[in-house]
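Colleague: Sequence:
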Amino acid sequence: MAKDKNITLAAEYFNKAVNSQVKGKIDTAIENYRSSIEIFPTAETHVHLGVAYSLRGCYDEAISECKTAIELNHNIGLPYNNIGEYLMSLGRIDEAIEWLEKALTFEDCTMNYQTYLNLGRIYEKKWDLVKALRFYNHSLDFYPDFDDAQDAIIRISSLMN
-18 MAKDKNITLA
-8 AEYFNKAVNS
2 QVKGKIDTAI
12 ENYRSSIEIF
22 PTAETHVHLG
32 VAYSLRGCYD
42 EAISECKTAI
52 ELNHNIGLPY
62 NNIGEYLMSL
72 GRIDEAIEWL
82 EKALTFEDCT
92 MNYQTYLNLG
102 RIYEKKWDLV
112 KALRFYNHSL
122 DFYPDFDDAQ
132 DAIIRISSLM
142 N
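In this text, residue positions in the sequence shown follow our numbering: the first is -18, and each later residue adds one.
Hint data in this document are derived by calculation from the structure and do not stem from the laboratory. Take the hints with a grain of salt, since some may be wrong.
Unchecked claim - Computed spacing ranges between beta-carbons, pair by pair:
(1) Arg37 to Glu79: 19 to 29 Å
(2) Leu140 to Leu71: 23 to 33 Å
(3) Lys(-14) to Leu140: 51 to 61 Å
(4) Asp126 to Asn54: 29 to 39 Å
To be verified - No farther apart than 27 Å at their CA atoms in a straight line, the calculated lysine-lysine pairs in the DSS-like style are these:
(5) Lys83 to Lys107
(6) Lys48 to Lys83
(7) Lys83 to Lys112
(8) Lys(-3) to Lys(-14)
Keep in mind that this is a model prediction, so the values were computed, not measured. A virtual CB, placed ideally from N, CA and C, is assigned to each residue, including glycine.
Required output: the full structure, derived from the provided sequences and hints.
Modeller: Dropping the structure here:
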């Protein structure tokens, strides 16, 4: 019975955090995510806390939260994708590749289109345009109307002509 109350209270803090984050109140979101985790830690809450940290530019903290999420549930792809994004933001693109490729091994990862886009961006920076184009096209396999991928394909195609 006490566990059910804890789960309910943690969910309330989580929902408050998400609402705060959507409204741009990142500090309040971080406080509520932390409160939720103190009561009943979940991988999802750690991933969301990581996103909030990343919005503050605190990428090391964001990566740490995603790694904690993986420890709690190593069967979800989103924290791997997010770590890859945070490493990209830190300019550590070779490390990012490993995490992004790992994210693609998970069927649950709803962000596959974004993961492929990120890999495309990395290979574009490395001037491996053929590989970049392949990843951008894969992104469209998941989300055909993805403007970022479409724009990247046009950009790469013009560079290759």
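Colleague: Now, for every hint given, state plainly whether the structure supports it.
Modeller: Here is what the structure says about each hint:
{"no.": "1", "hint": "Arg37 to Glu79: 19 to 29 Å", "result": "holds (25 Å)"}
{"no.": "2", "hint": "Leu140 to Leu71: 23 to 33 Å", "result": "holds (26 Å)"}
{"no.": "3", "hint": "Lys(-14) to Leu140: 51 to 61 Å", "result": "holds (58 Å)"}
{"no.": "4", "hint": "Asp126 to Asn54: 29 to 39 Å", "result": "holds (31 Å)"}
{"no.": "5", "hint": "Lys83 to Lys107", "result": "holds (20 Å)"}
{"no.": "6", "hint": "Lys48 to Lys83", "result": "holds (13 Å)"}
{"no.": "7", "hint": "Lys83 to Lys112", "result": "holds (17 Å)"}
{"no.": "8", "hint": "Lys(-3) to Lys(-14)", "result": "holds (17 Å)"}
Consistency note: the structure conflicts with none of the earlier hints.
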